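Those protein sequence lines, which keep their order, are chains H and Z.
Heads up: the first sequence begins at 0 in numbering that gives the first Met the number 0, then just goes up one per residue.
Heads up: the second sequence begins at 0 in numbering that gives the first Met the number 0, then just goes up one per residue.
Since the hints were derived computationally from the structure, they do not count as laboratory data.
Treat the hints with caution; some may be incorrect.
As the list claims (entries may be wrong) - Residues from chain H that face chain Z, not an exhaustive set, calculated with beta carbons under 7 Å:
1) T262
2) S265
3) A266
4) L272
5) R276
As the list claims (entries may be wrong) - What the simulated footprint calls covered on chain Z by chain H, stretch by stretch (three residues with Cβ under 8 Å from a Cβ of chain H suffice, anywhere in the stretch; the number is not a length):
6) 65-75
7) 148-155
8) 170-183
Note that the structure is predicted; figures quoted are calculated from it, not measured.
Cβ coordinates follow ideal geometry from the N, Cα and C atoms, glycine included.
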Amino acid sequence: MSVDRHSVLLERRSAEGLARSAGGLLVSAALIAAVTGVIFALREHVPVLGLSVLYLLAVIPAAIAFGLATALLVSVASMLTFNFFFLPPVHTFTLQDSSNWFALAAFVVTAIVVSELAARSRRRADESALLAEIAGWLLERGELAGELDRIAGDAARALQVERATIVVGDGEPRPGPGEQYPLVAGGRRVGTVTLEHPRQGSAAARRRLLPALASLLGVAIDRERLAREALEAETLRRSDAVKTAVLRAVSHDLRSPLMAILTSASALARADLKLDRDDERELVATILGEAERLDRVIANLLDLSRLEAGAAQPEPEVWPVDDLVAQALAQLGEEERRVEVELPQEPPAVRVDAQQLERVLVNLLENALKYSPGDQPVRVQVVETANRVLVRVIDHGPGIPSQDRERVFEPFQRGSGGGAGAGLGLAIARGFAEANDARLWAESRPGQGATFVLALPRTQP
Amino acid sequence: MSGARILVVDDERQILRALQTSLRGAGYEVDTAETAEGALATAAMRPPEAIILDLVLPDGTGTDVVRELRTWSSAPVIVLSAVGDEREKVAALDAGADDYVTKPVGIDELIARLRAVLRRVTPSGEPVLRIGELQLDLEKRELRSAGKPVHLTPHQFELLRLLALHEGKLLTHRAILQEVWGPGYGTESNLLHVHVSQLRRKIEPDPARPRYLLTEAGAGYRLVDPTSR
Chain H
0 MSVDRHSVLL ERRSAEGLAR SAGGLLVSAA LIAAVTGVIF ALREHVPVLG
50 LSVLYLLAVI PAAIAFGLAT ALLVSVASML TFNFFFLPPV HTFTLQDSSN
100 WFALAAFVVT AIVVSELAAR SRRRADESAL LAEIAGWLLE RGELAGELDR
150 IAGDAARALQ VERATIVVGD GEPRPGPGEQ YPLVAGGRRV GTVTLEHPRQ
200 GSAAARRRLL PALASLLGVA IDRERLAREA LEAETLRRSD AVKTAVLRAV
250 SHDLRSPLMA ILTSASALAR ADLKLDRDDE RELVATILGE AERLDRVIAN
300 LLDLSRLEAG AAQPEPEVWP VDDLVAQALA QLGEEERRVE VELPQEPPAV
350 RVDAQQLERV LVNLLENALK YSPGDQPVRV QVVETANRVL VRVIDHGPGI
400 PSQDRERVFE PFQRGSGGGA GAGLGLAIAR GFAEANDARL WAESRPGQGA
450 TFVLALPRTQ P
Chain Z
0 MSGARILVVD DERQILRALQ TSLRGAGYEV DTAETAEGAL ATAAMRPPEA
50 IILDLVLPDG TGTDVVRELR TWSSAPVIVL SAVGDEREKV AALDAGADDY
100 VTKPVGIDEL IARLRAVLRR VTPSGEPVLR IGELQLDLEK RELRSAGKPV
150 HLTPHQFELL RLLALHEGKL LTHRAILQEV WGPGYGTESN LLHVHVSQLR
200 RKIEPDPARP RYLLTEAGAG YRLVDPTSR
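In isolation and in its complexed conformation, chain H is listed as follows (with noise of 0.2 Å):
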């Protein structure tokens, strides 16, 4: 946006200079018409050598809107208009009075006294213009490396140098051409400014303007410093967060089944609880359960930190899927009994590591379990196509949203309805089905549940 506005800036300037020296030559020749009228109305009452000091009111303004160029032209124009028309012989440029020599020298010492004083007035309204310019980039724009040398290359201007480079930072600069200025502020050094081919008048320019830029530049250096460590501060707020969350996850992780059984276990070791046979038959049943799930768990834990360190390598034979199903039932504990399974008449068979496909599926059916109601049972649903051998897990739960189908494999991640766990089974599970050439996606029904779909690659047995 600046860069814009920067180089529409530039187009503006030039045009502007080409206007207005042709402009400054028209006015000119104007204003020095108008005098030569006004002097040959006067001829006849003021003695005509006086009048020709009328003709610096065509030399003072020339000086002061357009420099000592066009001031200088005006004053030769104005010296040969009045010798052509007033002096004798008129009407021809010779110059016989040394008196016309002098008002020529007069207009030119005049034209250069003022455009002088003029050009200094121009030059300093130039500096703070450039100095607003250059605060306006900073602060607009965080980046000020990117603004270095476009300011430099006003400064270059502003200071009637050639050529200017600015360095950034407290060190010496290697020696170059040029002059090297140190950049000041605030008692520290912010920068380098070299200086190449400086032009007359330079150096007054340099110790007005070095300063101001050195303050400019100490304020944006400062300001880029304090973005930047903002910046860090709240990535480690965030990577704190990132810890703290896991944590949680996985102590719930932990002390939920650790919680089961600690309260099961404390109240069959009570010698004063009334317990009949199938309470009590029940609280060694969770007591063995849970031990398992804690396992699951531990074991969820190990996988994920394997596969994340590329350390699960497979060990692919060739399975029956029904018999994979039957291992990954065998490990749900209780909860097996919720579990309906449709099997195809021939069960096909595919090639993967039995270990690993069966984390598969106890991590997918664990899932299920968890997030249908409790009188909901959980279908297993296996289907041959052409050259793949797809597992379905359908559950009755609360189903994904479409925007979190995928987010749902990454580790700790947890649907909306899950509590607080670290919710790992699913992330390790996508894990191991790709470690065995499997793909593993969610698809959801909206207000029916999740059916996750595992397809392997069909082997012949």
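Dock chain Z against chain H, hints included.
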């Protein structure tokens, strides 16, 4: 006190079942709920005498449940919290929960806490509170320890009175500060710590090992009867 109806709320079915079987074995009648909504509905339909409430529920926090419950029920609530839930735990206590236990917890501890909160439900109505060796006369504003009079400043008396009226109950810093010092207080925990330490020097046989006025780190204080523990 056995036979009381207890509502147990937890989204982990296995925990729910273990608690249900154990508490039933201890003589309680047990209702269960797995969600915040279910907890409120069950509490409304079958008003329990006490509630055991997990802090993390699938459709809300235990704190939300306590806040809603307190608009129409005064049944004591014991919060089940885990390490890492400290802030939520204090929020639940501030919202009106009576006590908390940290998971994993054995059934013995849970039954002990349950008995304590159920006992408190029936205040004696007497002007003299007896807690162990302490006798606090609310009318005469006098304290006797093992029969000997003990002088208390007005703030110390109010602090002890509040804790004694809620014997066994965990009171949060905020609750104590607002009750004793006024509604403008609540975050000046230092003020409270200093007063508790002064009070301990007057009521505790060994102030370095308090037996009456116990600190619950990060949560609050509770006054207990050391002879009945």
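Cut-off 7 Å, beta-carbon criterion: hint that R276 (chain H) touches chain Z: For R276 (chain H), the interface hint is violated, since the closest Cβ of chain Z sits about 12 Å away, which is over 7 Å.
Verdict on chain H covering the region 170-183 of chain Z, where coverage means 3 or more residues with a C-beta closer than 8 Å: violated (count 0)
L272 (chain H) as an interface hint toward chain Z, with CB separation required under 7 Å: holds (4 Å)
Claimed coverage, the region 148-155 of chain Z by chain H - three or more beta carbons nearer than 8 Å: violated (count 0)
Should the interface hint for A266 (chain H) be scored as holding, given a Cβ-Cβ cut-off of 7 Å against chain Z? With a closest approach of 3 Å, the A266 (chain H) hint holds.
Would you check whether S265 (chain H) satisfies its interface hint, that is, whether its CB is within less than 7 Å of any CB in chain Z? Holds - the Cβ of S265 (chain H) comes within 7 Å of chain Z, reaching about 4 Å at its closest.
Does the CB of T262 (chain H) sit less than 7 Å away from some CB of chain Z? holds (4 Å)
With a C-beta cutoff of 8 Å, work out whether three or more residues of the region 65-75 of chain Z approach chain H closely enough for the coverage to hold. violated (count 0)
Hint check: violations occur at hints 5, 6, 7 and 8; the rest are consistent with the structure.
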